[in-house]
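A.B. asks: One letter stands for each residue in the lines below.
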Amino acid sequence: MKLHFLLFLAVTVSVPAVRAEQPILFPHSTHINKVHLKCIDCHISADTRDAATIPGIRKCMLCHAKVATDKPEIKKLAAIAASGREIPWQRVYGFEKAAAVKFRHGPHARHKVPCATCHGDMPNAITAQPLVKHNMGTCITCHRQNNASDDCATCHY
Amino acid sequence: MERRNFFKILSTASAGAVATSCGTSTDALIPLLVPEQDLIPGVEYWHPSVCTACPSGCGVLARVMDGERIIERISVERSTAGKTEKLRQRLAAIKKLEGNPLDHVSGGRLCARGQASVQSLYNPDRLRGPMKRSGVRGEATFQPISWKQAIAEASDQLLKIKAEAADRIAIVTGPGANTRTLALRGFAKAIGAPEPVVCSVASWAAERKAAELALNWQGLPFYDVTNARHILSVGADFLGGWISPVHYARQFGAFRQARTEIRGYLAHAESRLSITASAADQWLPLKPGSEAQFLAAVGRILLDLNLAPKASSVPAGVLAAFRGFDLAALIAATGIDERRLRQAVEQLGRSEGPLVLAGASSIHTNSVDAIIASHCVNMMLGNIGAPGGILPPAKAAIEPLTNPRFAEALSQARAIILDEANPLYTAPKSAHIKEALTKAGFVLSFATTLDDSAAWADLILPAHHSLEGELAVAPSTASRVSLAVGGAFVQPLYETQAVPATLAALAAGMNVTFQPATAKEIAEPLLPKDLPWETVVREGGFHADPGLPSVPAPKSKPAAKAVSSPATFSVNPAKFEGDGPFLLQPYLSPQLHDGSLSNLPWLQECPDPASSAVWSLPVEIDPVTAQKLGIASGDNVKLESATGSITVPAYIHPGAVPGVLSMALGGGHQHFGRYASGRGANPLEILALAHEPATGDLATGATRVRLTRIGPGKDLIQYSAEDKEERPHAHR
Amino acid sequence: MPTGKETHTDQAKPHRWGMVVDLDRCTGCEACVVACHAENNIAVSNPEEAARGRVNHWLRVDRYYEGQFPDVKVKYRPVLCQHCDEAPCEPVCPVNATYHNPEGLNVQVYNRCVGTFYCANNCPYTVRSFNWFDPQWPEPMQLQHNPDVSLRPGGVMEKCTFCIQRIKRVEESADAGSRPVADGEVQPACVQSCPAEAMVFGDLNDPDSKVSRLAGDGRATKLMEELGTKPKVVYLDRAR
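Chains as they are written, first to last, in the working numbering: chain A, -17 to 139; chain B, 4 to 735; chain C, 2 to 241.
Isolated chain A, as found in the complex (with noise of 0.2 Å):
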């Protein structure tokens, strides 16, 4: 039974943060330091929403069906864009099911917390990668440090 017990805790609390086999190499340091582009300006709902939503490959083709279209990982876009599908990303973040976690990025913009706060160094990296652990150990010390509302009932429902 002991056994069980120490199995389940190293299953359930640690979600592996290995890195993501992105389909595209998506560089966001390009986008954000070359381009300028706010993080709002693809994941259009980050400050307001629920969810911060990955853009889609229409968004993706306003610009590249016709700027770098040379460069190999665009061509690679271009294909899957002709295929009629969507990219397949692999998601870095979120939470298993069985977690009922109901997570909404409206009220942690709205107080003003960083995107890098959960999801780290974004500016400098290539393709996204879960550069944060995220266990309810961070959303509890954050939460408290913060003053904000630890009540089960905040996020589980």
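These aren't lab readings, by the way, just hints derived from the structure by calculation.
Among the hints, a few may not be true.
What follows is a list of derived Cβ distance ranges for each label pair [as the list claims (entries may be wrong)]:
hint, chain 1, residue 1, chain 2, residue 2, range
1, B, K727, A, I36, 54 to 64 Å
2, A, I122, C, A183, 25 to 35 Å
3, A, I122, B, R76, 36 to 46 Å
4, B, I77, A, E55, 41 to 51 Å
5, C, V171, B, K727, 33 to 43 Å
6, A, D29, C, D86, 35 to 45 Å
7, B, A520, C, D86, 54 to 64 Å
8, A, D29, C, R241, 55 to 65 Å
9, C, G217, B, E198, 21 to 31 Å
10, C, R55, B, D170, 49 to 59 Å
11, A, K48, C, G185, 33 to 43 Å
All of these numbers come straight from a predicted model, not from anything done at the bench.
Beta carbons: idealized from backbone N, C-alpha and C, even for Gly.
Once you've looked at the hints, dock chains B and C against the given chain A.
C.D. replies: Positioned in the frame of chain A, the structure of chains B and C alone reads:
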């Protein structure tokens, strides 16, 4: 990972192998291009539409958010071209329906059936596309076919039959008044077929006919329950399965508790302890079919007591008829204690705002007589057109179809077109629908799910769900010109087509000119000048203000001349067929309605208000009869009429009228998806072929049956088995 | 919080959510029952499981018969979690999966629940239901799922939440607009659906709210109040 599956996983693989949503394993399913570009996860959009679970026409708001489903398609990518690939598709999905607060029928509220109708949209048993019969008719074996081929074959068949006998093309539909009904009517006219017939036990033909005969009103009268003070309702389960339950329940709430110092009093006379009877302050248990005698007695007693202030507005012949009744015989016919009956009438007459509301929740051979009698009593009380009384119906924005003689039409038919109708379920065996479906040259169905009748079709051209396309519905009861409209805001899930479009395609294939009217075309001539169509669409419909010049006035004559002639007034005794000792009283289930919602699991699992039964509907037997025959709740019993028998579980109902076996509709579907097929029994099946003479409607309450115990059974599943409260709730 | 604006909950007393059910308006139509299913992703069982008493309802309508024909009366009463201030279910949970939150809600934390059934055994109102199996949602029924409400796996106890997801949405939009939550702004699914408007929901800490005013009505009673559970659902008895 789910900790509850922990041991399971340990036994099969190492825990580390479990992929989480944050993992790196490539998804087997590839997201398809998202057509709803503006669909933001977690953001809700509200779109107005109309509920079509029954013909009341409740305006609703649909909550639309993103959803995901798995589809299969042929790959277009070069490397995998031609192969089937499974894809995850993100799409706009309806999450919930709420009443539309701007709508005058629902007023922002909705009933159990309306709440569940999302489940008919996302029902796993919906047909995915056109189907062609591959076996013998009635065997229910089908194979998929393309729309193009299906339309070609159907129009070919119809064209052939039209050339030989266009008058023997029977179009059978439900009792609604909507864009679909209108299209069917137009199509029938275009191809020279007779007007579509209505197949339903809930078309309220008796109520319509009585209003026409007694008051010269076209349509269903509008009862102003909110402003009445004392209601005597007779035969109409108006809070349950009657004309417009949400509308009348809303009014009922206000009638009871919305006025300071005034609380509405409800007395209810019906041959069943319906939910209206339960909500009533007093229940008068009538003998089935004695509503007419009861109302005649009410009128007579009011006259005797001088409690009929407007008796002068009633034609002299009718008054004389009331005065001439043998009161003792009338009272004896109702089965109600005389003192109690007189008391109830006196209470009504002495009220400052009396109202009599009558209907035929159970249809008898004299139902029209009963409702006419109620109109006469209302006339005596000065209720016609008065606040807290009975108001004339507005001109219907879409005229409903009213011919209920579907069995006759089917028996003659060479070609049969079924839309929102299930005659095999709705008609008794003695109506020989199966024979008609076997004999017909061609059977076409627009069913969305394979049902009992669609199983007999040669071709099924599945319709969109009503929430998937544009539609307009004229509410079944309204005192002002009203129309509820819904737009197309979610993409159809499957290869289905809206019925008007299918009819247009069939007409084109038959070289007949036919163009179905759109919701806009129907509404525009009715709209006030300052009300643009865009506003109507945004608000989900319109409800004309009285007195607007551009709105046609209701076609009704002044109340004084209401009853056209005394000749229309008579009180015939109800006739019953067969020779059993019991009367069978099938009724509209508050959940499953007329059986057309039996495939919705939420409603199957919503306990029946009478017996608390889930997934099954029992026959309700009074305790005295049960004791005499040795029947206990849960036993299987046989109900046997002259034309057939069914086996059903028994429920000993403490409030059942002795000698009356009530049973809710909804069970006994041979084909209707995984949640309804083969469950329970259908009491309509064994009804005698008796009709209400003035309307031609099937008299659902006119059959005598025998009752025998078979033995213990397992089919009665009760959510709560207790009938009596263990420790009655103490009042403070 | 790193913000200049104070939220409503910071400046005033927290909300104390409660409900009033007027039995003089209630018809027993069960619109609330199905509305609750549609809102809260409550699983449908099947006839076999139903026969073993494994039907899940967060809200049921009790029906009791009184008297003998022809003087039979039926009493219908919608019964949901009473969100008791002294909830018998809370102290017995060995893993603290059920507790009282600052807004007076009796909360069930699904991922803490290990399914001991103690809470359900101790609930005098029998309003808790248990997922005996992982719920089945044949494709495409999942399209109807409310994303605001967790899907509970098998082995978990669940019950009425007063539609906490709706409370959260309203509180958040009030917070975003720096305004208090208006009376009647939060409507659980059952309240919103009720055709006879028999149910009213609101803040019992606000003496002017409709629910507070109705709770003081002469017809007001609480279910099995004598047990000392201090329910936050108030019934207005049928007038006579």
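A.B. asks: Indicate, hint by hint, whether the structure satisfies it.
C.D. replies: For each hint, the structure was consulted:
1. For the pair B:K727 and A:I36, the beta carbons lie near 59 Å from each other, so the given range of 54 to 64 Å is met.
2. The hinted range of 25 to 35 Å is satisfied by A:I122 and C:A183, whose Cβ atoms lie roughly 31 Å apart.
3. Distance hint check: the CB atoms of A:I122 and B:R76 are about 44 Å apart, consistent with the given range 36 to 46 Å.
4. At about 28 Å, the CB distance of B:I77 to A:E55 disagrees with the hint of 41 to 51 Å.
5. A C-beta distance of roughly 41 Å is found between C:V171 and B:K727, which places it inside the suggested range of 33 to 43 Å.
6. A beta carbon spacing of about 38 Å between A:D29 and C:D86 agrees with the range 35 to 45 Å that was offered as a hint.
7. A hinted range of 54 to 64 Å holds for the C-beta pair B:A520 and C:D86, which are about 59 Å apart.
8. Our hint of 55 to 65 Å for A:D29 and C:R241 holds, since their Cβ atoms are close to 57 Å apart.
9. Between C:G217 and B:E198 the beta carbon distance is about 59 Å. The supplied range of 21 to 31 Å is therefore violated.
10. Take C:R55 and B:D170: their Cβ atoms lie about 55 Å apart, and the range 49 to 59 Å holds.
11. Distance hint for A:K48 and C:G185: a CB-CB separation of about 53 Å, inconsistent with the stated range 33 to 43 Å.
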